[in-house]
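Visitor: Next come the chains, spelled out residue by residue.
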Amino acid sequence: MSTQLPTAAPVGAGSSPAPTGRRPLSRRRAALARPWLLLAPSLLVLAVLLLWPLIRVVLFSLQDYGLREIVSGEPNWIGFANFAEILGSAQLWTIVLPNTIGFAVLAVAGTVAFGTAVAVLLASLGTTWRTIVSSAIMAAWAMPAVTGTYVWVWIFDADRGIFNQTLMNMGLMDDPVNWFTGRFSFYAIVLLNVIHHGFPFVAITVLAGLLGVPKEMLEAAEMDGAGGWRRFFQIIVPQLRQVFAVVIILSTIWDFKVFAQVYLMPGGAGSNREVLNLGVWSYVESFGQNRYGFGSAIAVLLTLLLLSITAVYVRTILKEEEL
Amino acid sequence: MRSTRLPVVAALSVVTLGLTACSGGGNGGEGGDVDGAGKTLDVWIMQGTNPSSDEFFDTVGEAFTEETGAELNVEFVEWGDAHDRFVTSIAGGTTPDVAETGTTWTPEFADAGALAPLGEYVEGAGLGDDLVDGLVEAGTYDGELYGMPWYAGVRSFVYNTEVFDELGLEAPTTWQEIEDAAIAVKDANPDMVAVAVPGDAEFTVYPWVWGGGGDVATLEGETWTSGLDSPGAREGISFWTGLATEHNLSSAGAVTWRETDVLDAFAEGDVAMAVMGSWTPAAIIEKNPDMDGKFSAVPIPGKDGGISPSVLGGSHLSMFETSDDKDLAFAFIEMMTTGEFAQEWASQSGYFPGQSSLLDEAVGSDDPLVAPFAQQFVDGGASVPASPAFGAVQAQKTTSVMMQAILSGQSSVEDASAAAAQELTDTLNGD
Chain L
1 MSTQLPTAAP VGAGSSPAPT GRRPLSRRRA ALARPWLLLA PSLLVLAVLL
51 LWPLIRVVLF SLQDYGLREI VSGEPNWIGF ANFAEILGSA QLWTIVLPNT
101 IGFAVLAVAG TVAFGTAVAV LLASLGTTWR TIVSSAIMAA WAMPAVTGTY
151 VWVWIFDADR GIFNQTLMNM GLMDDPVNWF TGRFSFYAIV LLNVIHHGFP
201 FVAITVLAGL LGVPKEMLEA AEMDGAGGWR RFFQIIVPQL RQVFAVVIIL
251 STIWDFKVFA QVYLMPGGAG SNREVLNLGV WSYVESFGQN RYGFGSAIAV
301 LLTLLLLSIT AVYVRTILKE EEL
Chain A
1001 MRSTRLPVVA ALSVVTLGLT ACSGGGNGGE GGDVDGAGKT LDVWIMQGTN
1051 PSSDEFFDTV GEAFTEETGA ELNVEFVEWG DAHDRFVTSI AGGTTPDVAE
1101 TGTTWTPEFA DAGALAPLGE YVEGAGLGDD LVDGLVEAGT YDGELYGMPW
1151 YAGVRSFVYN TEVFDELGLE APTTWQEIED AAIAVKDANP DMVAVAVPGD
1201 AEFTVYPWVW GGGGDVATLE GETWTSGLDS PGAREGISFW TGLATEHNLS
1251 SAGAVTWRET DVLDAFAEGD VAMAVMGSWT PAAIIEKNPD MDGKFSAVPI
1301 PGKDGGISPS VLGGSHLSMF ETSDDKDLAF AFIEMMTTGE FAQEWASQSG
1351 YFPGQSSLLD EAVGSDDPLV APFAQQFVDG GASVPASPAF GAVQAQKTTS
1401 VMMQAILSGQ SSVEDASAAA AQELTDTLNG D
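Keeping their order, the protein sequence lines are chains L and A. According to my numbering, the first sequence is numbered sequentially starting from 1. According to my numbering, the second sequence is numbered sequentially starting from 1001.
What the hints contain is simulated information worked out from the structure, not anything from laboratory work. Glycine included, every Cβ here is placed at the ideal spot set by N, Cα and C. Treat the hints with caution; some may be incorrect.
[Claimed, not checked] Here are the simulated lysine to aspartate or glutamate pairs, EDC-like style, with alpha carbons at most 20 Å apart:
no. : chain 1 : residue 1 : chain 2 : residue 2
1   : A       : K1186     : L       : D64
2   : A       : K1294     : A       : D1165
3   : A       : K1287     : A       : D1304
4   : A       : K1186     : A       : E1246
5   : A       : K1294     : A       : E1246
6   : A       : K1186     : L       : D175
7   : A       : K1303     : A       : E1170
8   : A       : K1186     : L       : E74
9   : A       : K1186     : A       : E1268
[What the hints assert, rightly or not] Cβ pair distances, simulated, as ranges:
no. : chain 1 : residue 1 : chain 2 : residue 2 : range
10  : L       : V312      : A       : G1093     : 25 to 31 Å
11  : L       : V312      : A       : G1430     : 54 to 60 Å
12  : L       : V105      : A       : E1144     : 52 to 58 Å
13  : L       : V151      : A       : E1286     : 22 to 28 Å
Let the hints inform the model, and build the full structure from the sequences given.
Guide: This is the structure:
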């Protein structure tokens, strides 16, 4: 680094707008190399911190890698057997994937819808109330997932939870029900937990976008006779396309990888197989059993899946923009 | 280290000699003869067993330095993080010299080649016949001892004496008496959990499997076969889950309870009977001092009297292959697992020592919260399959899956136990 800077910096300092040198070819080459030279240190750091672990994960995924291999340090190549086992698992197709995808769709829709509604509310508030409300929702965001999960578990506890108590006091239910044993009631609670934990991020991000929508356009639309809903969907939403893209992609990635919120629920750690999702399933089947190769293979597949979802989404957004 | 140069050199040469002697087929483990001056022994002890471990290990450290000249460096590791810590340290080659390993982990780490065999050292110290059988069995892998029995606990049948006295009930001695007592409690206190049947607590299930005459799994030659679907096992599982599903004597919440939830509910006074560990009485009183003197224990009743066996769960002290000075390491192991320190640790923590001669003293105790557990320990102790794959069975929660399916009414005892037996057999055989 210290050897590159003195040579690269003077060249780059004054000459970038108008190349006027006598040797344009080497100039152009220098111009091409310059950004890479400047990027080199951070690329190097990224390569060490991100790329190498990524490569290692891919290498592990092609091995039967357990505690014994860790001790001996010997590789144990088995080709694509891990991937074959994953894709051949009936549990994956009948329980794990439906749970994961179904939950992610509902959670993303719920988080984005609720977060946007809160953002609209925030945008219509005065400064004082906006500060108060946004700090309140920030508290929900700042709460660690573990703590939040336990609070929901207490609320829905079968014997002493406030939810069952209320239903029984109102005479709607005779005997307490254990909501954690049913597939749908279990995920309804996870959904509440995840939306509650995830909506503040959406609200704050969308609010920033909302405040950037030109007032003139809204006023003009109002003059033309557009009602509140129409103004929202035809003026504001198109303006916020990029914001929604970011928010939806990030939420999708987060909600696909949900782990603690399921694992910490009663029965969520594997004793109720009906509620396994991808995160818990991969933990139970791989790391819980010291099958690190198998776990790496699951991680590789999950990464590919999320990358393709993101790619498809980014493409549709960009296409609409070009039209 | 204030030792002069000469003793250090001497110590090193002694160490080298010791190692040569050991690898030459050995007279390892000569107790007090080890000279570890200038050395440091790294030890990992699990946390969450004994509230006052710090002081205890200060004393141990002083005694150890006095005996061997080496420093003792004890690091406390939370049970919850411990397995991951072991794996990462094995991967990085930074394992301690000696560590406390849970009895189900010892075969797993031994299978991976991370632990050093202890058989010769134990023979050399003349301890072979003075160790508790159940713990030796759990610490033996492939015919070789890898885990030195240190301490263990056992689960028995704990009941709320306040409720029992009020209703004039006697402690149950057969399965029928458990059911009758529970029905009486439920009739008098409909809001109470008469007997806690938790869905996510595998060690509270096995006593009924064994009590009914079944097996969790047996090894024949190289092949494991699970007996969870045998008629005896099914009878036991039917009885235990039937208390909840047929007679409604447990609670809706208990379907997803772990052992910690049972403990919490019992300490609150909400539970009349439960299968609980010998280490829980102290925890119950710590959580709720009002419970002091309001509960007692009996060995888990057998079907028609006698005792239903229960798992001896506890810890070994294991020596890692990476240890530089194995004689020094064993000197520490011997010091901790026998005699004065072993006894003190056991009495402080509410566990039983792994040395038979010390255990006999505990059995003679007349403490109503020690004697029944001691009786269970000696007459009704059992071990889960000593296979490195049993950790995988636990990770898959095979037994809990079975229990929850039965308790939530999703599956019959026949179907659930057949599925569990199949999975257990497959996992233990590595299929």
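Visitor: Each hint needs a verdict: does it hold in this structure or not?
Guide: Consistency of the hints with the structure:
1. A:K1186 to L:D64: Answer violated: K1186 (chain A) to D64 (chain L) is near 53 Å, above 20 Å.
2. A:K1294 to A:D1165: With a Cα-Cα distance of about 10 Å, the restraint between K1294 (chain A) and D1165 (chain A) holds, given a limit of 20 Å.
3. A:K1287 to A:D1304: violated, 35 Å
4. A:K1186 to A:E1246: Holds - the C-alpha atoms of E1246 (chain A) and K1186 (chain A) are around 13 Å apart, at most 20 Å.
5. A:K1294 to A:E1246: violated, 29 Å
6. A:K1186 to L:D175: holds, 15 Å
7. A:K1303 to A:E1170: Distance of about 17 Å is within 20 Å: holds.
8. A:K1186 to L:E74: Between K1186 (chain A) and E74 (chain L) the Cα gap is close to 60 Å, so the pair fails against 20 Å, i.e. violated.
9. A:K1186 to A:E1268: Holds - the C-alpha atoms of E1268 (chain A) and K1186 (chain A) are around 17 Å apart, at most 20 Å.
10. L:V312 to A:G1093: 25 to 31 Å: Violated - the Cβ-Cβ distance for V312 (chain L) and G1093 (chain A), about 44 Å, lies outside 25 to 31 Å.
11. L:V312 to A:G1430: 54 to 60 Å: With a Cβ separation near 40 Å, V312 (chain L) and G1430 (chain A) fall outside 54 to 60 Å, so the hint is violated.
12. L:V105 to A:E1144: 52 to 58 Å: holds, 53 Å
13. L:V151 to A:E1286: 22 to 28 Å: holds, 24 Å
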